[in-house]
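Mapping to UniProt numbering: the sequence shown position 389 is 389, numbers consecutive.
None of these hints come from the bench; they were simulated from the model.
Being a predicted model, the structure only gives us computed values, none of them experimental.
A virtual CB, placed ideally from N, CA and C, is assigned to each residue, including glycine.
Keep in mind that the hints are not guaranteed to be accurate.
[Claimed, not checked] Here are the computed distance ranges between Cβ atoms for each label pair: (1) His236 / Gly87: 23 to 31 Å; (2) Gln274 / Tyr60: 32 to 40 Å; (3) Gly211 / Gly87: 27 to 35 Å; (4) Pro366 / Asp328: 17 to 25 Å; (5) Ser155 / Asp119: 21 to 29 Å; (6) Thr188 / Ala5: 16 to 24 Å; (7) Ala332 / Pro238: 38 to 46 Å; (8) Pro366 / Pro242: 47 to 55 Å; (9) Gly432 / Gly259: 14 to 22 Å; (10) Thr188 / Glu209: 19 to 27 Å; (11) Thr294 / His85: 39 to 47 Å.
[Said to hold, decoys possible] Derived pair list, reagent style SDA-like, types lysine to any residue, alpha-carbon separation capped at 20 Å: (12) Lys233 / Phe149; (13) Lys125 / Pro70; (14) Lys318 / Gly297.
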Amino acid sequence: MPSAAPIFFRPPGGWLGDVIPYFWDGQYWLFYLHETRSGVYDAGTSWHLACTRDFVDFEYRGEVLPHGGPEEQDLHAYTGCVLEHQGVHHLFYTGYNPAVRDPATGVPLQAVMHAVSSDLLSWTKLPRDTFHAPADRHDPADWRDPFVFRAPGESEFTMLLAARTTTGPRRRRGCVARAVSRDLSTWTVTEPFSAPSRFVTHECPDVFELGGRWYLMYSEFSERFATRYRVAKTPHGPWRAPADDGIDARGFYAAKTAGDGERRFAFGWIPTRQGTRDAGDWEWAGDLAVHEITAQGDGTLAADLPESVRAAWSRALKTPGPRPVTGDWSVAAEAAVGAAPDGLATLWVSDLPARCRVTATVSFTPGTRECGMVLRGSDDLDAGYFLRLEPPRGRMVFDRWPRAEQGAHQWQISGDVPHALELERPAVLDAGVEHRLEVLIDDTAYTAYLDGRTAMSGRMYDRRAGGLGVFVGDGEARFTNTVVHVRTEGDDG
């Protein structure tokens, strides 16, 4: 099939790193760190810009905040924030240069830097406003990702930073540092905003109000690399952790939020994998992913596909009809019911374009161990990617089979690596209830949504083609609305 336009934004000639979203004049201005992977680390990092009104069509505006020279603090212009005050747009960002070192310790310094603009496109840097971490409180090598806000009724601005304290267990010194200012030029560092003694650092901090509560969002810089959030009644805490404190899984990082006053969205990136292989290490930067987030009655955040994207990918693809592969199936026009009381039942549904939106509604009987979708499956659905609901474990997982290359002989079953899961999300999976699965597939990148609440993003490299199937294991499941959708306008992807 011909290839439709991409779903997830990736800039020409590079990859998208941390996004700094800003809503202004009826559209989202998505500043981001532009990654070229030139192989020369000290070539510098600049801010680039893409604009969108609907998360479907993007206007790439190119470089807007150039990085500094080889001897300047901002050889790498890293993550920060943008805000408006008294008719002027202010941009705060991280300046980093491996050659600029702390004279006392010899470690490279990170610094907060400031720029201003009248049009969001041309920025004037203000070097005099640059400041570093106070060495008696914070590690000068971790002083980044400034986020500035002013709480309702307050005269001072609050700046949050990804930082580390100077004492405590080495891998648990991460904190969200705090500085205050009245003029956005001179800052006073105060006590940390949050210091839970859990992570190396809390990257890309963000604070916002939604549904009458306040939320602190940050990305956990540890072996898990996940975007997490905390909830409070006030913009300064105290903060509590909900039972499920994640926005997505390992394949979605550095999320920051922005809204138009009515809706709010989280903007992160789906990392590429080294060697463009499923087993490759996760890399820094990739494609843009956007979740609409809403506050639930219990204070938790739900992540869903933006409705504008759903509407753009809503033309149902005609298919020849489902084909049972294993197990017992009862197939009618409106539903397919599979039963496998002690085994696995699989049903081939359709071919899959490289870019599409897939939907299915599934319900299952009590005691069912697993059910879900097969993506890019082989004709016999033995190989492929599996979006699996596991009611006994209360989770949704994304898995692949085989997980590794199998040997030439029968006993060389290296592909059979049980429960080696990288991506999983907690999920409420009740029997007898209809659960809605939705997957957005864009070539090698995907995002899956469960019940318009739980999101999970990642990559599919090794299999670039195949079909859609559904399955149930050790139980019975009913599937309806199992449909492949393509772009409403244009070709079939």
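Hint check results:
1. His236 / Gly87: 23 to 31 Å: Between His236 and Gly87, where Cβ atoms are some 27 Å apart, the hint holds.
2. Gln274 / Tyr60: 32 to 40 Å: This hint is violated: roughly 26 Å between Cβ atoms.
3. Gly211 / Gly87: 27 to 35 Å: holds, 30 Å
4. Pro366 / Asp328: 17 to 25 Å: holds, 18 Å
5. Ser155 / Asp119: 21 to 29 Å: Given a distance of about 28 Å, which is inside 21 to 29 Å, the answer is holds.
6. Thr188 / Ala5: 16 to 24 Å: 48 Å Cβ-Cβ, so the 16 to 24 Å window is violated.
7. Ala332 / Pro238: 38 to 46 Å: With a Cβ separation near 54 Å, Ala332 and Pro238 fall outside 38 to 46 Å, so the hint is violated.
8. Pro366 / Pro242: 47 to 55 Å: The hinted range 47 to 55 Å is violated for Pro366 and Pro242, with Cβ atoms some 27 Å apart.
9. Gly432 / Gly259: 14 to 22 Å: violated, 36 Å
10. Thr188 / Glu209: 19 to 27 Å: Taking Cβ atoms as reference, Thr188 and Glu209 lie about 24 Å apart, which means the hint holds.
11. Thr294 / His85: 39 to 47 Å: For His85 against Thr294, whose Cβ atoms are near 28 Å apart, the range 39 to 47 Å is violated.
12. Lys233 / Phe149: Holds, because 17 Å separates the two Cα atoms, which is no more than 20 Å.
13. Lys125 / Pro70: holds, 17 Å
14. Lys318 / Gly297: Answer violated: Lys318 to Gly297 is near 39 Å, above 20 Å.
Comparing the model with each earlier hint shows violations of hints 2, 6, 7, 8, 9, 11 and 14; every other hint is respected.
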